[in-house]
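A.B. asks: Sequence:
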Amino acid sequence: MPGPPRRCASRAGHSRRRRREKAVPMSLFWRIFLLNAVVLIAATALLLGPVTVSTPVLLTEAAVLTAGLAAILIANGVLLRVGLAPLQRLTRAMTTTDLLRPGARPAVGGHGEVAELITTFNAMLDRLEAERATSAARALSAQEAERHRIAQELHDEVGQTLTAVLLELKSVADHAPPAAVREELHQVQESTRASLDEIRRIARRLRPGVLEELGLASALKALTSEFTGPALAVRHHVDADLPPLSRDTELVLYRVAQESLTNAARHSGARRVDLTLERAPAGMELSVRDDGHGIRDAVEGAGISGMRERALLIGADLTLSPRPGGGTEVRLVVPLHHGSH
1 MPGPPRRCAS
11 RAGHSRRRRR
21 EKAVPMSLFW
31 RIFLLNAVVL
41 IAATALLLGP
51 VTVSTPVLLT
61 EAAVLTAGLA
71 AILIANGVLL
81 RVGLAPLQRL
91 TRAMTTTDLL
101 RPGARPAVGG
111 HGEVAELITT
121 FNAMLDRLEA
131 ERATSAARAL
141 SAQEAERHRI
151 AQELHDEVGQ
161 TLTAVLLELK
171 SVADHAPPAA
181 VREELHQVQE
191 STRASLDEIR
201 RIARRLRPGV
211 LEELGLASAL
221 KALTSEFTGP
231 ALAVRHHVDA
241 DLPPLSRDTE
251 LVLYRVAQES
261 LTNAARHSGA
271 RRVDLTLERA
281 PAGMELSVRD
291 DGHGIRDAVE
301 GAGISGMRER
311 ALLIGADLTL
321 SPRPGGGTEV
331 RLVVPLHHGS
341 H
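Quick note: the sequence shown, position 152, residue 152 per the UniProt record's numbering, numbers continuous.
Hints were generated in silico from the structure; no laboratory data involved. Beta carbons: idealized from backbone N, C-alpha and C, even for Gly. Heads up, a few of these hints could be off.
Claimed, not checked - Taking CB as the label site, the calculated pair distances span:
| # | residue 1 | residue 2 | range |
| --- | --- | --- | --- |
| 1 | Gln143 | Ser218 | 16 to 26 Å |
| 2 | Pro244 | Thr119 | 31 to 41 Å |
| 3 | Met124 | Asp197 | 45 to 55 Å |
| 4 | Ala115 | Gly209 | 53 to 63 Å |
| 5 | Glu157 | Met124 | 44 to 54 Å |
| 6 | Ala164 | Arg279 | 41 to 51 Å |
| 7 | Glu278 | Ser195 | 33 to 43 Å |
| 8 | Asp239 | Thr161 | 34 to 44 Å |
| 9 | Ala115 | Thr60 | 37 to 47 Å |
| 10 | Gln143 | His293 | 26 to 36 Å |
| 11 | Ala115 | Arg149 | 43 to 53 Å |
Claimed, not checked - Result set (SDA-like, lysine to any residue): computed pairs, CA atoms no more than 25 Å apart in a straight line:
| # | residue 1 | residue 2 |
| --- | --- | --- |
| 12 | Lys170 | Asp156 |
| 13 | Lys170 | Arg193 |
| 14 | Lys170 | Arg147 |
| 15 | Lys221 | Pro243 |
| 16 | Lys221 | Asp291 |
All chains, full assembly: derive it from the sequences and hints.
C.D. replies: In C-alpha cells form, the structure reads like this:
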C-alpha cells in the first residue's frame with residue numbers, strides 16, 4: 001500500500017525543514033570561544049603527552065611553543081577579520097548615512113547577531129526615512145498654506161492701502177499750487193508705486209497664481225522673466241508635450257526652479273542661467289545651469305535642504321554638481337510613475 005509511506009516521508013521532510021528553520025546560527029562570541037578552547041585543549045594535551053618542556057627550554061621545544069602561539073594568533077585574527085567585516089561595513093554606513101540623500105543599504109552579512117544587527121539598522125533607516133518624509137510633507141504643506149495666507153494679506157491689505165495712498169497723492173499733487181511741492185509729491189508717488197510693485201512681486205513668489213491658473217510651463221516662463229535683468233540673462237526651454245503631472249509634482253518642480261534661480265541671482269555671481277524642463281529616459285528632468293563661481297566647498301543652507309526635502313516627497317532625485325566650464329548645475333529627475341496623476 002503506497003499511501004502511508006508517502007505521508008510518512010512527507011511528514012519527515014516537513015520535520016527536517018522545521019528543524020533547519022529553527023536552527024540558530026552560532027554567535028560570534030561562541031565561535032571565538034570554541035576556537036580558542038580547541039586550540040588550548042590541543043596544546044594542553046600535547047604538553048601532557050608527547051610534548052614536554054625542559055629546563056632550560058630546548059630549541060625544538062621553543063620552536064613548537066612558538067608555532068602553537070602563532071597558530072592561535074593567526075586563527076583568532078582570521079576569525080575576527082571575517083566575523084567583524086560586516087560590522088565595519090555597518091560602521092561606515094552609520095557615519096555616511098544622510099536621510100536627505102537616501103542610498104543603498106548595507107548588505108546583510110555575517111552570522112547570528114551580526115546579521116540581525118545589520119537587518120535592524122536597515123529597518124531603522126526605513127522607518128526614519130518614512131517618518132521624516134511624513135513630517136516633511138506636513139511641514140511643507142503648512143509652509144505653503146502660510147505663504148498663501150501672507151500673499152493674500154499682502155495683496156488685500158497692504159496692496160489696497162498703498163493703492164489708496166497713490167490715489168490720494170495724485171489728488172494732492174494735482175491741486176498743489178507751488179511747482180516744487182508738486183514735484184516732491186510726484187517723487188513720493190513714484191516711490192510708493194515702486195513699493196507697491198515690489199509687494200506684488202513678493203506676493204507672486206509666495207503664491208504662484210500663474211501655476212494654478214495657466215500650468216507649469218507658463219509658470220516657469222513667467223519665473224524666468226522675473227529674474228531676467230540687466231545683470232542676469234535667464235533663458236528657458238520647456239518641452240511642449242509635457243505629460244500630465246500631479247499638483248504636488250508641479251509645485252515641487254516650480255519651487256526647486258525658483259530656489260535655484262534665487263541662489264544663482266544672489267550668490268553665484270552668474271551672468272547667464274539656462275532653465276530646461278524636458279522628458280528624459282528616467283522621467284521628467286528639470287535642469288538649472290549657471291556660469292557663476294560654483295558651489296565649491298560651501299555648506300548647504302536651508303534653501304538647498306528644502307529642495308532635497310521637496311524632492312523626497314515625490315520620489316525624485318536631486319543633484320547639485322559643478323559644471324566643467326565653471327558654474328553650478330541643479331538637476332531634478334522625477335520618475336513619471338511618481339509625477340503622473
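A.B. asks: Now look at each hint and say whether the structure bears it out.
C.D. replies: Status of the hints after comparison with the structure:
1. Gln143 - Ser218: 16 to 26 Å: holds (23 Å)
2. Pro244 - Thr119: 31 to 41 Å: Roughly 40 Å apart at Cβ, these two residues keep to the hinted range, so it holds.
3. Met124 - Asp197: 45 to 55 Å: Holds: the Cβ-Cβ distance is about 51 Å, inside 45 to 55 Å.
4. Ala115 - Gly209: 53 to 63 Å: holds (55 Å)
5. Glu157 - Met124: 44 to 54 Å: Hint holds: Cβ distance 48 Å, inside 44 to 54 Å.
6. Ala164 - Arg279: 41 to 51 Å: At 48 Å between Cβs, range holds.
7. Glu278 - Ser195: 33 to 43 Å: holds (38 Å)
8. Asp239 - Thr161: 34 to 44 Å: holds (42 Å)
9. Ala115 - Thr60: 37 to 47 Å: Since the Cβ atoms of Ala115 and Thr60 sit about 45 Å apart, the hinted range of 37 to 47 Å holds.
10. Gln143 - His293: 26 to 36 Å: Given range 26 to 36 Å: holds, Cβ gap about 30 Å.
11. Ala115 - Arg149: 43 to 53 Å: holds (51 Å)
12. Lys170 - Asp156: holds (21 Å)
13. Lys170 - Arg193: Measuring from Cα to Cα gives roughly 11 Å; hence the hint holds.
14. Lys170 - Arg147: violated (32 Å)
15. Lys221 - Pro243: Holds: Lys221 and Pro243 sit about 17 Å apart, inside 25 Å.
16. Lys221 - Asp291: The hint holds at about 20 Å.
Comparing the model with each numbered hint stated earlier shows that hint 14 is the single one that does not hold.
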